[in-house]
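Q: Below, each chain spelled out in residue letters.
2 protein chains.
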Amino acid sequence: MNKYYSEAKLSAYEAIHEAQKIALGPFIFQASRSLVKLGILNKIEDQAEAGLSAKSISEDLSLPLYGVKVLLDMGLSAGIVWFDPETERYHLNKVGHFLINDEMTRVNMNFAHDVNYAGLAKLDEAITDQKAAGLGEFSKEHETIYPIISQLPEPAKTSWFEFDHFYSDNSFDRVLDKLFSFKPKKIVDIGCNTGKWALKVLNYDKDVKMILVDLPQQIAVAKENLKKAGLLERVEFKEVDLLSQDIPQIESADFVFMSQFLDCFSDEQIKMILSKVRKSCEGASLAILELFWDRQKHETASFVMNATSLYFTAMANGCSRFYSFTDFKSYLSEEGFNIDEQVDQIAIGGHSLLLCSKK
Amino acid sequence: MNKYYSEAKLSAYEAIHEAQKIALGPFIFQASRSLVKLGILNKIEDQAEAGLSAKSISEDLSLPLYGVKVLLDMGLSAGIVWFDPETERYHLNKVGHFLINDEMTRVNMNFAHDVNYAGLAKLDEAITDQKAAGLGEFSKEHETIYPIISQLPEPAKTSWFEFDHFYSDNSFDRVLDKLFSFKPKKIVDIGCNTGKWALKVLNYDKDVKMILVDLPQQIAVAKENLKKAGLLERVEFKEVDLLSQDIPQIESADFVFMSQFLDCFSDEQIKMILSKVRKSCEGASLAILELFWDRQKHETASFVMNATSLYFTAMANGCSRFYSFTDFKSYLSEEGFNIDEQVDQIAIGGHSLLLCSKK
Numbered sequence: 000m001n002k003y004y005s006e007a008k009l010s011a012y013e014a015i016h017e018a019q020k021i022a023l024g025p026f027i028f029q030a031s032r033s034l035v036k037l038g039i040l041n042k043i044e045d046q047a048e049a050g051l052s053a054k055s056i057s058e059d060l061s062l063p064l065y066g067v068k069v070l071l072d073m074g075l076s077a078g079i080v081w082f083d084p085e086t087e088r089y090h091l092n093k094v095g096h097f098l099i100n101d102e103m104t105r106v107n108m109n110f111a112h113d114v115n116y117a118g119l120a121k122l123d124e125a126i127t128d129q130k131a132a133g134l135g136e137f138s139k140e141h142e143t144i145y146p147i148i149s150q151l152p153e154p155a156k157t158s159w160f161e162f163d164h165f166y167s168d169n170s171f172d173r174v175l176d177k178l179f180s181f182k183p184k185k186i187v188d189i190g191c192n193t194g195k196w197a198l199k200v201l202n203y204d205k206d207v208k209m210i211l212v213d214l215p216q217q218i219a220v221a222k223e224n225l226k227k228a229g230l231l232e233r234v235e236f237k238e239v240d241l242l243s244q245d246i247p248q249i250e251s252a253d254f255v256f257m258s259q260f261l262d263c264f265s266d267e268q269i270k271m272i273l274s275k276v277r278k279s280c281e282g283a284s285l286a287i288l289e290l291f292w293d294r295q296k297h298e299t300a301s302f303v304m305n306a307t308s309l310y311f312t313a314m315a316n317g318c319s320r321f322y323s324f325t326d327f328k329s330y331l332s333e334e335g336f337n338i339d340e341q342v343d344q345i346a347i348g349g350h351s352l353l354l355c356s357k358k
Numbered sequence: 000m001n002k003y004y005s006e007a008k009l010s011a012y013e014a015i016h017e018a019q020k021i022a023l024g025p026f027i028f029q030a031s032r033s034l035v036k037l038g039i040l041n042k043i044e045d046q047a048e049a050g051l052s053a054k055s056i057s058e059d060l061s062l063p064l065y066g067v068k069v070l071l072d073m074g075l076s077a078g079i080v081w082f083d084p085e086t087e088r089y090h091l092n093k094v095g096h097f098l099i100n101d102e103m104t105r106v107n108m109n110f111a112h113d114v115n116y117a118g119l120a121k122l123d124e125a126i127t128d129q130k131a132a133g134l135g136e137f138s139k140e141h142e143t144i145y146p147i148i149s150q151l152p153e154p155a156k157t158s159w160f161e162f163d164h165f166y167s168d169n170s171f172d173r174v175l176d177k178l179f180s181f182k183p184k185k186i187v188d189i190g191c192n193t194g195k196w197a198l199k200v201l202n203y204d205k206d207v208k209m210i211l212v213d214l215p216q217q218i219a220v221a222k223e224n225l226k227k228a229g230l231l232e233r234v235e236f237k238e239v240d241l242l243s244q245d246i247p248q249i250e251s252a253d254f255v256f257m258s259q260f261l262d263c264f265s266d267e268q269i270k271m272i273l274s275k276v277r278k279s280c281e282g283a284s285l286a287i288l289e290l291f292w293d294r295q296k297h298e299t300a301s302f303v304m305n306a307t308s309l310y311f312t313a314m315a316n317g318c319s320r321f322y323s324f325t326d327f328k329s330y331l332s333e334e335g336f337n338i339d340e341q342v343d344q345i346a347i348g349g350h351s352l353l354l355c356s357k358k
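Those sequence lines, one after another, are chains W and R.
Under numbering that gives the first Met the number 0, the first residue of the first sequence is numbered 0, with each subsequent residue one higher.
Under numbering that gives the first Met the number 0, the first residue of the second sequence is numbered 0, with each subsequent residue one higher.
Bound conformation, chain W alone (with noise of 0.2 angstroms):
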């Protein structure tokens, strides 16, 4: 993250050449995405020290050679595999090894080629307009993409879910042990979505109660998979859209729960629903899990955030975003609350918990 906050030490040879893997990124990028799509890095690598020539290959996987080479040249001058001139045979740098091995390079690659390639040649008019002006891709009638997420096409549909369930199927145990060091009583899920963390919390705790909130659909669903799980008696539900309605009064709740929530919304929607959750929770703190790219470890987790971010400008919503914290605790702070206690990497996708009480 050091690199973000001074200037970049490259020679002027080294930053041409960067911004011309900036301009021709669509070469490396689809190029790269051959190489593992047509299978000729998984040819490479059963090869292990020994390595292949382009002539093995394209006989192996019965692919013109002229492709084959092709997309190997291409390869070689981004990095993915090198050449012995002795042998004539390609090896595979680190860079290919990851690219076929590692599930988040795989999830992140599908996510990018399937569901956002086509639309992002729009982000211009998206920054523009604030809409996601590449959502056309997939429906004309849509200002979010959220009510035709599982109507997608292939291989839209299954990039987007694996990409969702990678970066959102964490373990959250450290969160639940933190949240249930206070011993809350009664907890308000809003943006509960399927229940999926509701029912994490009412497993954890056999006392507990919930409140979920959110749009009907999603309560529906909800509701459904709670009554599955038998846990339906500890839950109240209610039905609220959160940009038209108020929140309804809720009495002694210990905690306002919000996960990956508000990054669906605009600065000045967060603003809003952190006004009505302040009305209605009388005496709750507010808990916060947010993905904050200004609060990574890693410079690739901060990197992945706000790749994503441009996902929800071009194609998701046009509004909202992967936050930097800096922002985040402006906007809380402007609605009245205080930061009480911040746990950053408290799960493994890099998230943090705000645990946040009124001013």
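Possibly wrong hints are sitting among the right ones.
Any copy will do: because identical chains look the same in the list, a pair fits if it lies in one copy or spans two.
Here are the simulated EDC-like pairs of lysine to aspartate or glutamate, each with C-alpha atoms no more than 16 angstroms apart in a straight line [said to hold, decoys possible]:
#, residue 1, residue 2
1, Lys54, Asp266
2, Lys54, Asp240
3, Lys36, Glu124
4, Lys270, Asp128
5, Lys184, Glu232
6, Lys54, Asp326
7, Lys275, Glu140
8, Lys177, Glu340
9, Lys205, Glu232
10, Lys275, Glu238
11, Lys296, Glu13
12, Lys208, Glu334
13, Lys208, Glu232
14, Lys2, Asp83
15, Lys185, Glu232
16, Lys222, Glu238
17, Lys185, Asp206
18, Lys36, Asp128
19, Lys357, Glu13
In short, the hints are calculated from the structure, not lab data.
Keeping the supplied structure of chain W fixed, place chain R upon it in accordance with the hints.
A: Showing chain R alone in chain W's frame:
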């Protein structure tokens, strides 16, 4: 270029970061393009050392603050800008400077986006079927891009010509000096195209005669251009489709010149053309001006060539490319030509001149 021939020395952490930069490459590319196109990088540069806040950029350019920030944060992750937390102002890194001030970078980015971006999504199909599968973005009827270049929709047309112009409009003075050191009296120009090279040759030496060979459409254009220049009387024209017709016998030529012509063909086609040249131009030497990605002094040049080859694959014809010298010399050898002299880097674009004679 050395990095092509030995394993890259990266830590696992560096390699996994590099893999994410590839996997999420379209986000970097489109964000960078928007930072350029929307004038954000220029605004920052205008402030020189002082830098500029996101809020000022948003106000000065009448762009939503959300959009400015989401782009700049991607710019931080991509090393294009850096942020001073003291002043809350953004500054350009050298990479950002080149993105807006370097002509090669500008031309490459526009070529990548306007001509190639959409079609490159079909690169794997182009590889498998050995046809320009991405060309469907512009025409469903054509198998190669060549007949429709001047009918491409804007901005693709302008970006195509700017790219072509940037890389081919080099000074070829050293090539002419070299060729005329042999005091040639008659030069055959195969693939004369618009007659641009012929014009240079005829103006360089007031006595030299030329024979121009190309498809009928190209010959018509070349004839028109040479007529305008008042140079028709020293030129003969031969309309030949080299893929289906033989070259008529040509007597007493000193050189058969081919400038960036053979890279428009597949390896098998190149060998067929060389064989036809061998039969028709008894006694003439071959002078080939080509770009070889493995004869470049700068890694950036190799990279640009390997990327451009994928334009040939996905968009232009599905079968040609910038060859490696290693492969190219084997085609010459198979068709009975020796390389008598080779001058690398003879023109600014990184061209090599090969002077060849029959074995």
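Q: For which of the previously enumerated hints does the structure constitute a violation, in increasing order of number?
A: 2, 4, 7, 12 and 19
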